[in-house]
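Residue numbers (the numbering used here), protein chains in the order written: chain A, 1 to 355; chain B, 1 to 390; chain C, 1 to 255; chain D, 1 to 286.
In case anyone wonders, no lab produced these hints; they're calculated from the structure.
Note that the structure is predicted; figures quoted are calculated from it, not measured.
Hints are supplied without guarantee of correctness; some may be wrong.
[Stated by the list, open to error] Anything over 10 Å on all C-beta distances counts as not near chain B; from chain A, calculated:
#, residue
1, L2
2, K7
3, H10
4, A15
5, T17
6, F23
7, F87
8, K118
9, S156
10, S163
11, Y171
12, W190
13, R193
14, Y195
15, L287
[Stated by the list, open to error] Pairs of lysine to aspartate or glutamate residues, derived as EDC-like cross-links and limited to a Cα-Cα distance of at most 16 Å, are as follows:
#, chain 1, residue 1, chain 2, residue 2
16, B, K263, D, D54
17, B, K158, B, E379
18, B, K263, B, D368
19, A, K41, B, D95
20, C, K240, C, D223
21, A, K118, D, D92
22, B, K117, A, D168
For each residue, glycine too, the CB sits at the ideal point set by N, CA and C.
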Amino acid sequence: MLHSYPKRVHFLLLALTAIVATFPLWGKAVFGGQADFILEKLTLMLILALFAMSLDLLVGIVGLVSLGHALFFGLGAYTLALASPEFSPASLWWMLPLVMAVAAAAALGVGLLVIRTKGIFFIMTTLAFGQMLYYLVSTSPFTGGTDGVFIMFRPSLAVGETSLLNLDDPYVFFYFCLGVLATGYLFLRWLTRSYFGQVLDGIHDNEHRMQALGYATHGYKLIAFVISGVLAAIAGMLAAMQYGFANPAQLGWHTSGEVLMMLILGGMGTVFGPILGAFAYEILLFLYEHLTTHWPILMGLTIIVAVLVLPRGIAGLIVAPPGKAEPSKAPWLRRLVGKGAAASPPEVTKRRVQS
Amino acid sequence: MNNAFKKTTLASLASACVLSSGLASAQEDPVKLGLMLPYSGTYTALGEAITNGLTLAIEQNGGRLGGREVEYVRLDSEADPSKAPQNMSRLVRGDDVDVVIGPVHSGVAMGMLRVAKQTGAITIIPNAGLGAATNQLCMPNVFRTSFSMWQNSYPMGKVAYGRGHRDVVAITWDYAGGKEDVAGFEEAFTEMGGNLVETIYVPFPSTEFQSYLTQIASLEPDAVYTFFAGGGGVSFVRDYAAAGLMENIPLLGSGFLTEGNIKALDGAGEGVLTTMHYAETLDSDANRAFVSAYQAAHGEAPDTYAVQGYDTGAMLVQALDEVSGNTEDQAALIEALAGVELQSPRGPMRFSASHHPIQNVYLREIRDGEHQVLDVAVEQLEVPDDACRM
Amino acid sequence: MKHEAILATRGLTRRFGGLVAVNDVDFDVKPGEIHAILGPNGAGKSTLINLLSGEIPPSAGEVCYRGKPIQGKSVRQTARLGIGRSHQKTNIFPRLNCLQNCELAARIHMGGVFASWRSRHRAREVSRRALEVLETCRLTHRAHTPAADMSYGEQRQLQIAMVLATAPTLMLLDEPMAGMGREETDQVADLLASLTDRYTLVLIEHDMDSVFRLADRITVMVDGCVLESGPTEQIRRSEKVRDVYLGRHDEEVTA
Amino acid sequence: MDLAFFGVQLLNGLQYGLLLFLIASGLTLIFGIMGIINLAHGAMYMIGAYLVYDLTQRLGNFWLAILIAIPIAILLGLIIERLFLDTLYKRDHLYQVLLTFGLILVLNEAQRIIWGGDVHSVSVPAPFDASLPLTDNLQYSVYRLFVMGVCLALAGVIYWVIRHTRLGIIIRAGAVDRDMVEGLGIDVRTLFTLIFSVGVALTAFAGMIAAPLTSIAPGMGDSILITCFVVVVIGGIGSIKGAFWGAILIGMAETFGSVLIPSLASMVIYLIMAAVLLVKPRGLFA
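Next up, chain A with everything else stripped away, as it sits in the complex:
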């Protein structure tokens, strides 16, 4: 069944979670003095995983390819930055709902316009809206412009006077991010397997048929768009919390492209795939940057190869999810890999012709 995976997938995920979660126990022994740095990197990966996962709801589940998702990520970061008081920490009890509300409002506004478009149009309009906010933030006098803004104090989580979690402690913050990611994961798993998720699957497979059945598909897509935006904004807020810094580049279309890369690397439509993708992407980036200053070539080629030979990403290797016919590889690639099958002419998607 769609969205249910063999046991080994769950075991693997649990094992990976355990490895990551116990890092504070074994990190020092393996990485020595670098453990703190690795912890920080891991925290960042957790945040990016949440970001990638939020996009998966749109791209992998509903089938809407957004090239402007960084809009919400940056919006989360900037909402925190602009709403934080200058000389004292903000309260997360206020900040989290605020970030979610701002993101939801923005997603609703943008969504109302873009959800009516499809395919390439959706890609281009989301891209353009992302750029719009990018320029708004870069030129507005309130946002620190292209240089970005500092958040001097990490928000605190307290009840009355007693601090519940000391988020300034990198270990606590690490577990906090892990908790948020886990919550987000469980939420999205529940959502995709719910009646609502079934409708989204239906829209992904055949939106026209859904309408013929009587579904107001735009409404469902809009809700998914808003949920996705809110989750991305939470990730953006966490990212801004981690380094105390927000910058317009977080809103730019390169960030949107990067998170799509995480999605393809990890495997979309699986919810857990993007988490693996975010980790894989960051690790590859780290290695490539160490290897050569021409790392963008390596990254570019990695993505091209992933698109051509591994369209379902790492998740596809672990589990073969049910789906449409296996996308065929390029003829030259097939010859190279040696999987027979003569070259077939490009087949365009059939559309129903009125007769």
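Given the coordinates of chain A, assemble chains B, C and D onto it according to the supplied hints.
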């Protein structure tokens, strides 16, 4: 075992022996310099020039700093501000470098400074000109060997007025650097009694200037002051010349308008006046020696960025000699760095209380495809940095 | 009142650029009947169905459903009014299994997603209805098979099951037997025949045997116009139809 | 705003719009026929500019450089289409987005390896290296007029091809319904290769003739890409006519927007796009 671990054990051992802890580590570990510069993307050329200058200065010192070998850790900052904090953190916490050198880009500098504040890592900015770095955000562990937007544009305000211009139009990109730059010009120019008719902001990074040139022509100012850099600078100066404005309305700018771009200007920049802390044609022994050494080492003529890198290296040479190569005692190293005085290719240079260079700013004109120094616009100009408390 | 048309069109016309695909069609469907539309390719049958279901708006004329005009309503709105339709091309959700396909269809007519969320009882009813229509369409054994993995004939049956699951009053079926073998065609014909006591059917079909076996009344279209409309026997005997339609039938088979 | 000022700005807007059209035409052509979204389109523009810079340096003649650069651009399009895109037609747009995003990274970095990070320029070639007086203190480069002429001529050629040739019929049919192309008995594979190469060549050519008007610098393609997207979205994807009017509209909007509402100058094109989408979600001419 890991380097950092080794270093801390050694350090504690050495402090137990009380004597010459600096020498003890000097025999074992190289000084680690983290270079957080753009090695890909738009600003690649700048990153490379700074690196070349820096290594030249250290090579001239036998490749050593305070008697210790030097290890460079290069990290591509890709001029992406959103990645700046994590990259900086990687150098400081991951690679455990002693000094971070970077960046080129002001947005990246903001991200780096955030981490510099958290970690106290010694940071030397070899280019980025954002004023806040040594002003509102100044900190003891941060130095700059380059300039601030203000420092390069403020003198032009005086020059413009001195040359009889009264009504001036300013044009720049709508981004932080451009705004700071024009603000510096405006401060000096209006202080003297000039009138800044209008400031035109062009969306960043557009290089489509035709409609703005038309606007300038219709405003008919005495002169135009501008800040653009890189491709934008080239496009603007060429378009300005092609529109026939050069003959009637003199073009003034802060140095980066034409720096490193003279060849690309293709003759269009003749007569453009700029103010900056360096010119490759500066007539001094220090500069001549530097230019020929750089030419020999890297096969090309140096530019401002190379000088900034070179001075960063020279500064480290002096300061680490001062502390005999001991990088463990941060406070001493910072004090040594702050006390550095250089006879730089750009002229005499020392540091203000906010760790910003006090240096000459030159008035330059492009003649025969070279920046000819007309005059010292302001001698030993100190940036006020009055919001700096440290 | 019993014989009043459940669906009626008056002067229904649809133009595509210069081409008139459906030209001034008057057409009635009576409750409980199977009404077949015959005609050569390009006669405007599918366009007519699309106009009835609201997939495309008419250029002129009106469509009345239970006495109320519905032209200009979207396909979603007509679906909510109880007009279910299937498409000429197999039109299912390939990644979902049979049961889920039917549940999706049933749910929207039983209060929608949020009703199922709120009430377990409602959710169970949806499943019951879905199983029921699978049973009717003899697909129970395939309930948990992804639709993409089923045979073509089964997919066509599933499509009918999905229309049934929406509990329509009127079903518009566009070539439900297209591309099927003899045996499968007969199966589907039996299925459709068994539905007549509960539903009104409008059917486009090329398979003559099935049409004459199933239909109560037949409308024959040529070049966007109604050539003749009447009880099956009348059409079977009609000279006009034989001349125009059957004369072209051969040519169509080869097409 | 006096009349002369207005007139000159009109000219500026028209010139910018026409150049935008040339860049966007390849993009919309590829969209319309092949259903491929090509993010690397801006990189093609950059490569065109760099090619002509490099060849002008070597050969000393701008026109000769263009003559040689065009076949190179076509070849590049051919290679990319055959090597990478060929496999993507059946797949979701996501894969096209990602693959061409990967191409951007590769091409931008290849540019840096081949030509370095410096800013370059190409001299305005003879016989157009002169200026005409527009107002008492403003001149206009003759080369800009020439570029306008070339863009208009190419727009005319594209219009003629689409209206009056068999290829045009196929293109029009393809933009409406791709099945029909197959129905016409066309070898789709060859057609796609042809269209993609022509699309790439058009964009690269825009980069070539724009080279003397702009500075040639790394990343120059990135900002133009987004503007082109806006043009295509406003005009209607796949519509050449839409691309033309969309480009003129954007050219005018940027030109007058920067003068009349400077505070919104960087956003004005996005605001227009949002307004168009609100009224016509599929663009003005689709």
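Quick rundown of the hints versus the structure:
no. : hint              : verdict
1   : L2                : 35 Å, holds
2   : K7                : 36 Å, holds
3   : H10               : 31 Å, holds
4   : A15               : 26 Å, holds
5   : T17               : 23 Å, holds
6   : F23               : 15 Å, holds
7   : F87               : 14 Å, holds
8   : K118              : 30 Å, holds
9   : S156              : 17 Å, holds
10  : S163              : 19 Å, holds
11  : Y171              : 14 Å, holds
12  : W190              : 31 Å, holds
13  : R193              : 34 Å, holds
14  : Y195              : 38 Å, holds
15  : L287              : 13 Å, holds
16  : K263(B) / D54(D)  : 14 Å, holds
17  : K158(B) / E379(B) : 13 Å, holds
18  : K263(B) / D368(B) : 11 Å, holds
19  : K41(A) / D95(B)   : 13 Å, holds
20  : K240(C) / D223(C) : 14 Å, holds
21  : K118(A) / D92(D)  : 12 Å, holds
22  : K117(B) / D168(A) : 14 Å, holds
Of the hints listed earlier, there is not a single one the structure fails to meet.
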